[in-house]
Amino acid sequence: MRIEHRQARWSVRGFLAGILVLAAAVQAGEKRNPFHGGGEPVRLELAGVAYEHRWSQAGQNEFTPAGQEDLERWRDMLTLVERPDATDGVALAAVANGVLANYRHGGVVVRTDSRPATPDRPAEHLVVAMLGGGAMVEAAFARLLLHDGTGLVVVRSRRAYGEDAAGEIGRWVQANGMQVEQALMEWQPPPMARITALPQSP
2 MRIEHRQARW SVRGFLAGIL VLAAAVQAGE KRNPFHGGGE PVRLELAGVA YEHRWSQAGQ
62 NEFTPAGQED LERWRDMLTL VERPDATDGV ALAAVANGVL ANYRHGGVVV RTDSRPATPD
122 RPAEHLVVAM LGGGAMVEAA FARLLLHDGT GLVVVRSRRA YGEDAAGEIG RWVQANGMQV
182 EQALMEWQPP PMARITALPQ SP
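Using this note's numbering, you'd call the opening residue of the sequence shown number 2 and step up by one each time.
It cannot be assumed that every hint is accurate.
Unchecked claim - Using C-beta positions, here's what the derived DEER-type ranges look like:
#1 Gly135 <-> Ala194: 21 to 27 Å
#2 Thr197 <-> Gly163: 34 to 40 Å
#3 Gln58 <-> Gln175: 31 to 37 Å
The hints are simulated quantities; they were obtained by calculation from the structure and are not laboratory data. For each residue, glycine too, the CB sits at the ideal point set by N, CA and C.
Input sequences plus hints: build the corresponding full structure.
See the structure below:
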């Protein structure tokens, strides 16, 4: 089973065109409170940026840089989603197609890709989408992989707010999209045991 593909080049025009087909409003998600646990916060580093653990619940774990503690108004986020139901390439491809369908429902998919399996590495998948609309637009880069024998979705996201949200995200992707994708695909996630042990938010 393979993830469905539609290749696209990085371009501001593609992002701005995608905005025209989005719904005017986005369904509001349940409000989440940042996690403030005792001791030192858990930190991850991606592309030279330190992300601190803010919130975890039901296998979804969110990290933002210093100064972006408000999970209602963040601009950069790293999300790790545990998928223990995916333990082989077929199951991972099914998860990838589910992510693809969800992103199409909530926005516009601008790029997909897959790394074929090799004798020493399982297949991986990538889905890049523009989500939201109106006064909030998000670029989401989702990498799906088998990690320590189980499925993991790693999402690097960037948000913009305000009347020029679409233009701002388009310009950001034009300047940074390829570097973000490369860094994400080369990143080594922490062990799954460390991810599953993250403190859970109320």
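(message) Taking 31 to 37 Å as the stated bounds, is the beta-carbon spacing between Gln58 and Gln175 within them?
(response) holds (34 Å)
(message) I want to verify a distance hint. Is the separation of the beta carbons of Gly135 and Ala194 within 21 to 27 Å?
(response) violated (41 Å)
(message) Just to be sure I understand the hint, the distance between the Cβ atoms of Thr197 and Gly163 should be within 34 to 40 Å; is that true here?
(response) holds (37 Å)
When each numbered hint is compared with the structure, a violation occurs for hint 1 only.
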